[in-house]
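Q: Next come the chains, spelled out residue by residue.
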Amino acid sequence: MKISFTINDQQQSVDIEDGNTPLLWVIRDILHLKGTKYGCGKAACGACTLHIDGEAIRSCSYAIKFAQGKEITTIEGLGTLENPHPVQQAWIQHVVPQCGYCQPGFMMATAALLNKNPAPTDQDIDKNIVNVCRCGTYTRMRKAIHTAATIKQSNDQISK
Amino acid sequence: MKNKNKESRRTFLVRGGIGTIGIIALGSCVLTNPIRRVGLDMVENTVAPYIGKGTKANLWIEILQNNTIVLHSSKVEMGQGTFTGLAQIVADELDISMDQIQVIAASTDRGILDRTSTGGSFSIASLWMPLREMGATMREMLKMEASKKWNIPVAQLSTNNGVISNGSQSITYATIASEVEKWKLPKTPKLRPTNSYKFTGKPIKRVDLKQKVFGDPIFGMDAELPGMVHACVVRPEHVGASFRSADTSQAESMPGVIQIIKKETWVGVIAASISQALAAKRTIKVEWDIPKKWTEEGIRELLQVGKGNRMITQKEGKALDPEDKDVISIDFSSPIGAHAQMEPNGAVAAVEGDKATIILSTQVVGITQKQVSKALGIPLKNVNIIPTFLGGGFGRRLNTSHAVQAAIMAKEVGRPVKYFFTRKEEFQNDTFRPPTHHTLRGKLDQKGYLESLEHHYASGDVAINSVLLPGIVNSILGSDVGAMRGANIMYDAIENHRSVQWHTTLPFATSWWRSLGLLANTFAIESFVDEMCIKANKDPFEFRLSKISNKGYGKRIKGVIKRAAEISNYNDKIQNERAMGMAASIDSSSPCAHVVEVSIENKKIIVHKVLCVFDCGVAVNPDQVRAQCEGAIIMGMSGAIHEKMTLKDGQLYPTNYGPYDMALMKDVPKEIEVVLIEGADKPYPVGEPPMGPIAAAIGNAIRRLTGNRLTDLPLKIT
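Those protein sequences? They're chains A and B, same order as listed.
Mapping of the first sequence onto the numbering used here: position 138 corresponds to residue 193, and the numbering continues sequentially without gaps.
Mapping of the second sequence onto the numbering used here: position 17 corresponds to residue 642, and the numbering continues sequentially without gaps.
Here chain B stands alone, though its shape is the one from the complex (with noise of 0.2 angstroms):
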């Protein structure tokens, strides 16, 4: 870890057009990182989380005839706006205006580019050095080119708009782009200070606004080929199902059926309209193999405290003594949760000879790749993926292993297969955020500050079983990276503090959901540090920044937690029969605070303002940096009031929306205000960590409305 805040060597890659009317490519690759390095990394800080090889490019910046710029993303866009502050990035360096510049999800068929995932919050802050570099160089090989024609130095040569100038002439970057043979390639020029930037650092619109707005058919679920299929698959219902045997006799003569696929462990209904495919399904008489019908207990008998694998995440000063008769103690716990994306999973898939395409919304471009190629027995060169937008990711997709079946399905027909989840079992087959069992113990000093806080907290399963790390990095990990998030106490100077991970496999996959462990976590944590304030006597700012050092990110903490407290008014009392409370955490580098103002009417929690303030150091697009904050804060609100899974009958329930209660229009707040501080000077993560602190905020103002603590979420009034 000794040289993590050096740049990484980058080599640059030359080659003519990737697509069939490019002129010229330039490709960035980041070297090798070891891979223990890898997984810490996505734990501790954000340099770039790169496993790839030295010869194999991350990202392509291609010219096009019509001087057009098109940049190949390793990353997706599913709504976190990276395809903008991308372009911005580039548009700076390269000279270009924002309306030259396209960015499109880079497919497979010219080499992968994306070789971890598209999450983790990573996709600007991992790739912001690398594409200014690329930027630059390319500016100047093109500068080195028209000094050549023109035999005048390049110094005298400037650049603007994709065009090069010498004062009296002026050629555009395509023009001389095709004119060159051989390109030679700069040392990487000096970047330009980022204050210089036009595009990098403003509120510049969506690139992607326009065609959201008018409805282009920009998801993997508007994809067509000539001569698609529709298809389903049977899934079980029941949490530990195994499929036995299925009846198919009667979906077989069903109108516009075309194919029945019987797999060893799913059956596939193929037709000519998806509506006839459904029919058809729902006549299957499927044989389950149920070893055990799960209930809620079952589940939180599991999943608790002192059960699992026990690994300590963090580790200062001495335990405390659980008979000390001044240890406070309270438990917490979160729900089930489900990602409740509104683009269901699918896939299009055509498969001819040893050939395959893939077309999808995927978070995991090139774990898809690899899938699809074990199972259908073909080169991984030979699948190509064409990663789509997605209709929402927030880390369901970084398992999309139904492209096999897609792909198995289009072999079986011989023709293309459009296939997707129906929103029951999206619900049913989610990958979901696991509920979480958390003990909280600390002790005051005799001046009433914390000297002791520890949290043990139990999770099922996030990064460990997922197809997106592999065993060994969780193995040398030794703890789940992911139900880690947010679970150690970042108030450093406290004198014993501590964080201990109990780990249990569910019957049922859980994984990654926006912010990963941070919610419950921060929950739990900011919950009981609040309590312990209100024991105390004391103010919560002053309460928490009294144990926060200087050391490490300590300072940029204390800033949003201080920003906060000179601008909300913060108050302790109950106004107007609303009260306020505030929660701070930090994730992945970017630190954050939220204050809110919170009612009660007819039991109904109604959170009225949200004050968020959040550090994530240079803000590529400061308007798309507060809408991730807002998106954070309605999800985590969503989840901190509103979502519970539940199992029934052995079931994982409820299946539509409506019954899955969401946070919709007439729940959320109609203010919040995000002040933004920029605390560093290269940009962090922003698409989760803002979510941390808010069901710990609101939790604390029902605390001071009600005098109850609520330990549990979805927080319920009863």
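In isolation and in its complexed conformation, chain A is listed as follows (with noise of 0.2 angstroms):
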């Protein structure tokens, strides 16, 4: 089946055999982004994270077929070296990573919140960053989360 979806601004369509293949291995081994990371298959540790319309989305337990036609955000479109999204501007302002592995889906969850709650509380963050880091970034975690939601309030306030 083709499935057709917008995936960090470009248009993309796949040929694929079996619509409910979870989107996190159309992502990496299709489309080559390798940033959305394989953690669990169970929707348990949020390392493949990424935005479905603006959602923080577990792909490996979202089958592709449910893919047609939305606007899919993965690590690599959320910003860029030059251009970076608040929230990387945060991690790397408090050098949040260590192996690095599940930041990118602590990021784009982060990402997602903040569109919600541009000013979350620790109980907020406590409730909606659920994913695991076995390195044990949290603590620097919530302090670059608090410093993404500054900066970001701060680039709307100009933007307005």
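Just so you know, the hints here were simulated from the structure itself, not pulled from any lab data.
Don't take every hint at face value.
[Claimed, not checked] So, partial list: chain A residues that the calculated Cβ filter (under 10 angstroms) puts toward chain B:
hint	residue
1	P77
2	G94
3	F121
4	T129
5	I130
6	L133
7	Q143
8	Q153
9	C154
10	V185
11	N186
12	T194
[Unchecked claim] If you want the footprint, here are the derived chain A segments under chain B, 3+ residues with CB under 8 angstroms:
hint	segment
13	68-76
14	97-109
15	155-166
[To be verified] Lysine-lysine pairs mimicking DSS-like chemistry, simulated, CA-CA at most 25 angstroms apart:
hint	chain 1	residue 1	chain 2	residue 2
16	B	K1228	A	K182
17	A	K182	B	K1291
18	A	K97	B	K1295
19	A	K198	B	K1269
20	A	K171	B	K1295
21	A	K182	B	K1269
22	B	K1198	B	K1341
These numbers come from a predicted model, not from an experiment.
Built from N, CA and C at the ideal position, the CB exists for glycine as well.
Two chains, each in its own frame: build the complex with the hints.
A: Right, here's the structure in full:
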């Protein structure tokens, strides 16, 4: 079956035999975007988090057939070196990553949270950022999330 | 061990560029250490733990034509920040800026650099001197050539940002290097004083930060080769199960399946996509030989103080008389722990003729090369291992023998193969942190201080039966050096103290897990010392300090405990429903003290704050040392309060995140204060030692909150 969607602002079509193939593998192995990670395959760890129509989705458990007509953003489309997303700016400022494997998932989850909740409290963070990081970067991540919120708010002010 | 503080003798090698674009490369070798010393070093101190031949390099520094300096590192980057620290050290002695240096994990195609492993928290500590010497030597070589070219004495030349100047002229390192035909090696120049360094000792941002923030494809799982197909392997779900036969008929006709490979002990499924390979695998009916369905009780029965192979690992003074009525005895335990590193194990392999290429996340580059070479029956030099960034190591990747399966599948299908473990396979085929059982015995003197302290501990394999330490090292040492980490009593002024190991090999693989025995051993010892302190009605800091001498590491251990006492505002009383707990440890020469603040809400243990006072000597990158302390504390806390693997109907369980309860954002302290003491003039290990005291510190706080001593990990309020 042919499935068309937008990914990182580009139109994309894939021809795939099994519509139940997880979106994660289409993105990684057919579109060769490797920033979205496999962690558990059961939506338990969040390493594969990306945005579909602005919502944080765990792509390992999202069948490709549901992606028809959707707008997908992965870490590669979140920001660039020249134009980093506020979350990426904050992550750099606080030197959050250690091994780095889970970090795209966390940044995507955070970016989606900030779109809904521009100034999350610690409780909001606890409730919404439920990915797994084995290196234990949580304490820095929490600080970075607050910083990202501040950067994003001030950017939004300017663009208004 | 006499010469342990002497610098190792090093020889330098020079050759043309390593890659196609390099101009010159300088290599350093650390001469062979006797194998016995290697084993002991890993336990007792941190003199470079190398096994290497005198003519082979451990490191290469290469100058590229664009004046970029490439450090080919024998150590891999798994999050611990080693690449950043190594870059800082080289940049300082070579007089280049941080953005002129690039660190890459050395592949084996031009000579193996890593003969042992990345682990034991040794990377920066062991490469500190060789790297400084190499950087300085290379700088002097370049200056000597510029001096010849300009006919100006070396002393009148200066270097900065990869450029040599004589006052009126300047030339880049790359330009001068490209003009040299035969290099002259100077004697190793005098090293710069560490306080003159521009980068070393400063909180420089990680060199891999941007790659990791923008999602670059840097991990083993991200590797691709042209024409690559996907594979998975059928693995046993039961402990001790061995493969008998498999019915693959249905799998063979599944969509996308390219080939099914049946081997003596395993089945490989190769398909066009990973989803197709996994779907086909699910249809394979395997007959397993399951001699016994192991239970948690069965394992506990095996693993007890008093059972297995006994070895005294420490002995001072007299043994306690178990009949003595004043002897207090408490038993402790810790469960099986999973590594749960985020990137599953896997490999991308290509085999053409008698040549193999393996791209993977591994902590043992050299050992993996040997395993593949042996399995395929091809010369070692024909196996190129390309190590990538690791999506977590924590000791799990000290055995990456699955590279062999990837290579065999690639060979049989005649195309490059990518293959990795599913998460369930990771959880069931881990090389677990072994469960432990401890009996602590102690006796107070008339003044209420410890006069006797004994630690009897039972553990499964850590070092024994691992691919990393040859059997001979274990038989020379007699005990499991990994299980022993943190097991000996650091209170050397206690008149009678001893530590006795009981080692048992369990029916499933147990091995290196970040900090090895340290977390459980320190939990047992420091919980018991705290209990004795409460019995004696003493201050926990003073109670400990009174029994540490000034010998050996004593001053540094006392240093962290004293500083923790000074800045923690420690109080034995419950305040605002919170209590404090403290504990200390020394691991790999780096002492650490923790003070935590804990409350209990609806039976949930909440750690509000952790103070970590840590002495690792020179902190090459203080920010990354802090990051390692934070990570070790959170991972240790997760082990202390949350994590537990168990056995159900002969299977290891749970098999995914979530059911395998780990500390998440909501569970970790909002505040971790790390105070660094530089109690030595060189760097000591960082990645594991700060994990030591955390479980005991939390348990000690709970004791003050509830009056109950929790003796089993994970700590639970019932």
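Q: For each hint, tell me whether it holds in the structure or not.
A: These are the hints, each one checked on the structure:
1. P77: 7 angstroms, holds
2. G94: 5 angstroms, holds
3. F121: 15 angstroms, violated
4. T129: Constraint on T129 (chain A) satisfied, holds at 7 angstroms.
5. I130: Cβ of I130 (chain A) sits 3 angstroms from chain B, so the hint holds.
6. L133: This interface hint holds because 8 angstroms falls under the 10 angstroms limit.
7. Q143: 5 angstroms, holds
8. Q153: 3 angstroms, holds
9. C154: Hint holds; C154 (chain A) Cβ to chain B Cβ min 3 angstroms, cut 10 angstroms.
10. V185: Check passed: Cβ of V185 (chain A) comes within 6 angstroms of chain B, closer than 10 angstroms.
11. N186: 8 angstroms, holds
12. T194: With a closest approach of 5 angstroms, the T194 (chain A) hint holds.
13. 68-76: holds (count 3)
14. 97-109: holds (count 4)
15. 155-166: With 6 residues close enough to chain B, the hint holds.
16. B:K1228 with A:K182: 19 angstroms, holds
17. A:K182 with B:K1291: 7 angstroms, holds
18. A:K97 with B:K1295: Answer violated: K97 (chain A) to K1295 (chain B) is near 28 angstroms, above 25 angstroms.
19. A:K198 with B:K1269: 29 angstroms, violated
20. A:K171 with B:K1295: 23 angstroms, holds
21. A:K182 with B:K1269: 24 angstroms, holds
22. B:K1198 with B:K1341: Status holds; Cα separation ~21 angstroms.
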